[in-house]
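Participant: Below, each chain spelled out in residue letters.
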Amino acid sequence: MTISLVATEPKSKGVKVEIVENARTVRGTTLLKRGFAHMCKHGVVMDVTNVEQAVIAEEAGAVAVMVLDKLPYDVRKAGGVARTASIKVIQEIMDAVTIPIMAKCRIGHTDEAKVLEVTGVDMIDESEVLTPADEERHIWKWDFTTPFINGGRNLGEALRRIEEGCAMIRTKGEPGTGNVAEAVTHIRMVNNEIRKLRSLYQDSDRQELMKATRELKVSYAIAEETARLGRLPVVNFAAGGITTPADAALLMNLGCDGVFVGSGIFKSDDPAQRARAVVLATTFYDDAKIVMEAQKMVDEKKSLLGMDTKNLELRMQERGQHA
Amino acid sequence: MSSKKKSVTIGVLGFQGDIEENVAATKQALQEMQIEGNVELVRYPEEVEKVDGLILPGGESTVQSTLAAIQRSLPVIKKRVSEGMPVMGTCAGMILLSRRSFDRVIGDTKQKLIGNLDIVIERNAFGRQGDSFEADLAIGMLGKEAFKGVFIRAPAVSEVGKDVEVIAKLNNKVVAVRQKNIIGTAFHPELSGDSRMHRHLVKMAIDFKHKNGS
Numbered sequence: 001m002t003i004s005l006v007a008t009e010p011k012s013k014g015v016k017v018e019i020v021e022n023a024r025t026v027r028g029t030t031l032l033k034r035g036f037a038h039m040c041k042h043g044v045v046m047d048v049t050n051v052e053q054a055v056i057a058e059e060a061g062a063v064a065v066m067v068l069d070k071l072p073y074d075v076r077k078a079g080g081v082a083r084t085a086s087i088k089v090i091q092e093i094m095d096a097v098t099i100p101i102m103a104k105c106r107i108g109h110t111d112e113a114k115v116l117e118v119t120g121v122d123m124i125d126e127s128e129v130l131t132p133a134d135e136e137r138h139i140w141k142w143d144f145t146t147p148f149i150n151g152g153r154n155l156g157e158a159l160r161r162i163e164e165g166c167a168m169i170r171t172k173g174e175p176g177t178g179n180v181a182e183a184v185t186h187i188r189m190v191n192n193e194i195r196k197l198r199s200l201y202q203d204s205d206r207q208e209l210m211k212a213t214r215e216l217k218v219s220y221a222i223a224e225e226t227a228r229l230g231r232l233p234v235v236n237f238a239a240g241g242i243t244t245p246a247d248a249a250l251l252m253n254l255g256c257d258g259v260f261v262g263s264g265i266f267k268s269d270d271p272a273q274r275a276r277a278v279v280l281a282t283t284f285y286d287d288a289k290i291v292m293e294a295q296k297m298v299d300e301k302k303s304l305l306g307m308d309t310k311n312l313e314l315r316m317q318e319r320g321q322h323a
Numbered sequence: 001m002s003s004k005k006k007s008v009t010i011g012v013l014g015f016q017g018d019i020e021e022n023v024a025a026t027k028q029a030l031q032e033m034q035i036e037g038n039v040e041l042v043r044y045p046e047e048v049e050k051v052d053g054l055i056l057p058g059g060e061s062t063v064q065s066t067l068a069a070i071q072r073s074l075p076v077i078k079k080r081v082s083e084g085m086p087v088m089g090t091c092a093g094m095i096l097l098s099r100r101s102f103d104r105v106i107g108d109t110k111q112k113l114i115g116n117l118d119i120v121i122e123r124n125a126f127g128r129q130g131d132s133f134e135a136d137l138a139i140g141m142l143g144k145e146a147f148k149g150v151f152i153r154a155p156a157v158s159e160v161g162k163d164v165e166v167i168a169k170l171n172n173k174v175v176a177v178r179q180k181n182i183i184g185t186a187f188h189p190e191l192s193g194d195s196r197m198h199r200h201l202v203k204m205a206i207d208f209k210h211k212n213g214s
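Quick mapping for you: the protein sequence lines, in order, are chains A and B. All letters in the first sequence, in the order written, are residues 1 to 323 by my numbering. All letters in the second sequence, in the order written, are residues 1 to 214 by my numbering.
Please note: incorrect hints may appear among the correct ones.
Unchecked claim - Here are the simulated DSS-like cross-link-like pairs (lysine-lysine), alpha carbons at most 25 Å apart as the crow flies: (1) B:Lys50 x B:Lys27; (2) B:Lys173 x A:Lys16; (3) B:Lys211 x B:Lys50; (4) B:Lys27 x B:Lys209; (5) A:Lys267 x A:Lys301; (6) A:Lys301 x A:Lys70; (7) A:Lys13 x B:Lys148; (8) B:Lys148 x A:Lys11; (9) B:Lys79 x B:Lys112; (10) B:Lys203 x B:Lys79; (11) B:Lys169 x A:Lys16; (12) B:Lys79 x B:Lys110; (13) B:Lys50 x B:Lys180; (14) A:Lys16 x B:Lys148; (15) A:Lys289 x B:Lys50; (16) B:Lys78 x B:Lys112; (17) A:Lys16 x A:Lys114; (18) B:Lys180 x B:Lys162.
What the hints assert, rightly or not - Heads up, incomplete: computed chain A residues facing chain B, CB under 7 Å, no partners named: (19) Arg27; (20) Phe36; (21) Thr146.
Hints listed in this document are in silico derivations from the structure and should not be mistaken for laboratory results. Think of the CB as a built atom: it goes at the ideal place given N, C-alpha and C, for glycine as much as any other residue.
Hey, can you work out the whole structure from these sequences and the hints?
Facilitator: Shown next, in the form of structure tokens:
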């Protein structure tokens, strides 16, 4: 099996067994949830706030759209409490495009997530871009049939989210800043921590591996699986601050399985062209000539100006870090 | 037969989707068949020319047919498939191979398709991700043992041309077809852990290679 099923909760409430005519079907299994995430690999998920943007994203080759009320850049500007998007907007977008629809809910807000599941979105992002509803706990995602995404800044955070049932990890980065530096830090951190675990595993040093597991605050089973695979047991996407085609290529070359672009596209002055360019660079990330072609499609004067991530009043990436 | 004669090169179209999973499933198939072979990522037209068989992976068919850089390779795939090169499309891959596709909600899609496989596709025929499911399938071509079908936002085949053989059905829906050298599945054999479908493609690729005398 190419998709790891480790950490699956026995008797998960999200698994539904039904008899449909002459066939026995099972929905909501770990294979189907992680499998859906695998189908998004090498693709670009684009943040959108309305039908018009969703159509542009689909035509540009987005692998899915993420529906928000405000783009992360505007969330930052507006302040206040950021919540899940209007259901009406989500439904309008569902009726307008054929690609998968994702939507964000607040960290720990189980009932926003239940509403999104009933609406029929293909994946739910329990996201630090929105204001957390529970400072202590994330959603217990095994209770859902719909797959979830969570952010992770380091290996411990990522593995704890997977043990709660999430089917895709993305770097947290620093959303809405147009600055890719934090996303780079996070993927490097995860890669380095996995490398350490893997060397313990290859040396058959169970005692040290168990010690490392305790530091990560995760189960031995998932730490061992990660060490064996040499990667996270679910797909890991880049997110937070990606603005140009070269940004996307950089993160793909660091080992990300795909890319999320938040404010980078629809806060630029050339969204349709830029969307195509980012998809091109993500597909051919290892071919500098094609990444150059993609860079040529965008005008740096039209990029989201962005901001320094050092002196921010709001550091979204720190939300939910203690859970 | 010498091991050199048996060696075969299978390509996996490497634009978007579960590319690595198909590479792994093909390698598993080769190992189980004890056949020497290469599995290669294929993105550029000249790479399409070099393989003895090709897999079009699952993913988002809209993306896989969108970019100009991708579209340059599609006519070469069409040409090689018409020449008899074995090809298997799983889910999005089957959509790319089809003659026409429409969406349950949106209607006709404006996707560019390769078009060799004479079927009409209904995209997202079973619904959205919440409706994705696993179900055991009877596929006579692969033997008596049931095949685990992994259906993820899966399409179905709504019309088949006269040269198309239905190889699997789920209730009343056609979910796998064969037309000479072309296999299409609505489900993901690369995710089931069962390599029988990939082994079948490898066999076809070896026969094709021998027929061409290379």
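Participant: For every hint, state whether the structure bears it out.
Facilitator: Here is what the structure says about each hint:
1. B:Lys50 x B:Lys27: The hint holds at about 18 Å.
2. B:Lys173 x A:Lys16: 21 Å, holds
3. B:Lys211 x B:Lys50: 16 Å, holds
4. B:Lys27 x B:Lys209: Holds. Lysine 27 of chain B to lysine 209 of chain B sits at ~18 Å (cutoff 25 Å).
5. A:Lys267 x A:Lys301: With Cα atoms ~13 Å apart, lysine 267 of chain A and lysine 301 of chain A stay inside 25 Å; holds.
6. A:Lys301 x A:Lys70: Holds. Lysine 301 of chain A to lysine 70 of chain A sits at ~23 Å (cutoff 25 Å).
7. A:Lys13 x B:Lys148: 22 Å, holds
8. B:Lys148 x A:Lys11: At roughly 20 Å apart (the allowed maximum being 25 Å), lysine 11 of chain A and lysine 148 of chain B satisfy the hint.
9. B:Lys79 x B:Lys112: Holds, at about 15 Å.
10. B:Lys203 x B:Lys79: Given that 25 Å is the threshold and the Cα spacing comes to 21 Å, the pair holds.
11. B:Lys169 x A:Lys16: 22 Å, holds
12. B:Lys79 x B:Lys110: Holds, at about 22 Å.
13. B:Lys50 x B:Lys180: 21 Å, holds
14. A:Lys16 x B:Lys148: 17 Å, holds
15. A:Lys289 x B:Lys50: 22 Å, holds
16. B:Lys78 x B:Lys112: Given pair lysine 78 of chain B, lysine 112 of chain B holds - Cα atoms ~12 Å apart, limit 25 Å.
17. A:Lys16 x A:Lys114: 16 Å, holds
18. B:Lys180 x B:Lys162: 12 Å, holds
19. Arg27: Where the cut-off is 7 Å and the nearest Cβ of chain B is about 5 Å from arginine 27 of chain A, the hint holds.
20. Phe36: Holds. Min distance 5 Å.
21. Thr146: 6 Å, holds
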